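J.: Position chain B relative to chain A; hints supplied.
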Amino acid sequence: MKSNNDPIKQENKKALPRFILVVALSLVLGGALGVALVSLSLEEFDSALAGLGLFFTNHVAAWLIAALPVVEFAVCLPIYFSAKKQLSAWDGEDETAGGEVEAKLSVCIWITGLCTVLAFFLLSALFAGFVGNAGTPQMMPAPMFFGGVAGFLVNLFAPMVLQQKLVDLTKRLNPEKRGSVYDTKFQKKWYESCDEAERLIIGQCAFKAYRAMCAACMALWVVFALGGMFFDWGFLPAMAVCIVWGVGQSAYAWSCLKASGPGENT
Amino acid sequence: MLKNRLKERRAALGVNQQELGRMAGVSRQTISLIERGDYSPSVTLALTLAKICGVAVEDIFSLEEENDEK
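Residue numbers (my numbering), protein chains in the order written: chain A, 14 to 279; chain B, 89 to 158.
By construction, these hints were calculated from the structure, which means they are not laboratory data.
Here are the computed lysine to aspartate or glutamate pairs in the EDC-like style, where the Cα-Cα straight-line distance is at most 16 angstroms:
{"id": "1", "chain 1": "B", "residue 1": "Lys-95", "chain 2": "A", "residue 2": "Glu-108"}
{"id": "2", "chain 1": "B", "residue 1": "Lys-95", "chain 2": "A", "residue 2": "Glu-106"}
{"id": "3", "chain 1": "A", "residue 1": "Lys-190", "chain 2": "B", "residue 2": "Glu-107"}
{"id": "4", "chain 1": "A", "residue 1": "Lys-184", "chain 2": "A", "residue 2": "Asp-196"}
{"id": "5", "chain 1": "B", "residue 1": "Lys-95", "chain 2": "B", "residue 2": "Glu-107"}
{"id": "6", "chain 1": "B", "residue 1": "Lys-95", "chain 2": "A", "residue 2": "Asp-107"}
Keep in mind it's a predicted model, so treat the numbers as computed, not measured.
Chain A extracted, bound-state conformation (with noise of 0.2 angstroms):
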């Protein structure tokens, strides 16, 4: 049924001339982007990177991977502990205190995951420093490397051991909960645990997240397709982002499929 007021294509070009704009803009602000970086000293701005990379994998990355589960403990375990005796003395029923303790808690597990994610990015700065700059005068020296691979190793256990505390928490404020950190399926379990409300939520939440990482993406699409072109980074920095973009879309896509198939609520 064609006609003129039909509802999708009035939206659709109600919607376009912005589009259009924005994508004009997009052009013209890569175009002078990249004028910009093409006028500039290049090989200089290059050499500065390079070297600013090289300071920070051979002599910041060790003290920062040893550093970071410091931090962690020292910023989690007091809001640990302040949610901990909130929760002793909660009665129950007092909602104000209930959803204090579950911020908290969210807040420390929101670290927790995030200082995972800086071990794990920071022992690839140590590897490239390392392994990467070996038999080059420029090589990370060893006792500093095989210093900063203990600092990612009690990295990784320092915050399951955070977690599982903070896990253990939240499953005393909330009995129904299911799951253990040290278990392979935990997130599996928890989310088996969780009612019709919470699973919304999550839905809710995990759609934003989609969001987040397609813009996230797109944005670092552009850094590492402009630093491809101008710069001496080559084409995988771009590929790898590609590669999480297009896993993220895939799940989301494929998710939203099983779905909507007969049979399926989940």
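T.: What follows is chain B alone, placed relative to chain A:
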């Protein structure tokens, strides 16, 4: 919009959110979300809650007429 009198019914029952949640097989937060009007429960959960409170589902949940001001 769905409005509810779950808080009143729970008080009449003399249980806290955690206990009602346990009886209904849901979390304390879900009971809290329903009471605050931030979550509309499924038909199954609404019926379960009504059964626990010993009333008809309409005695807890009802549709609030929206103002049609034009």
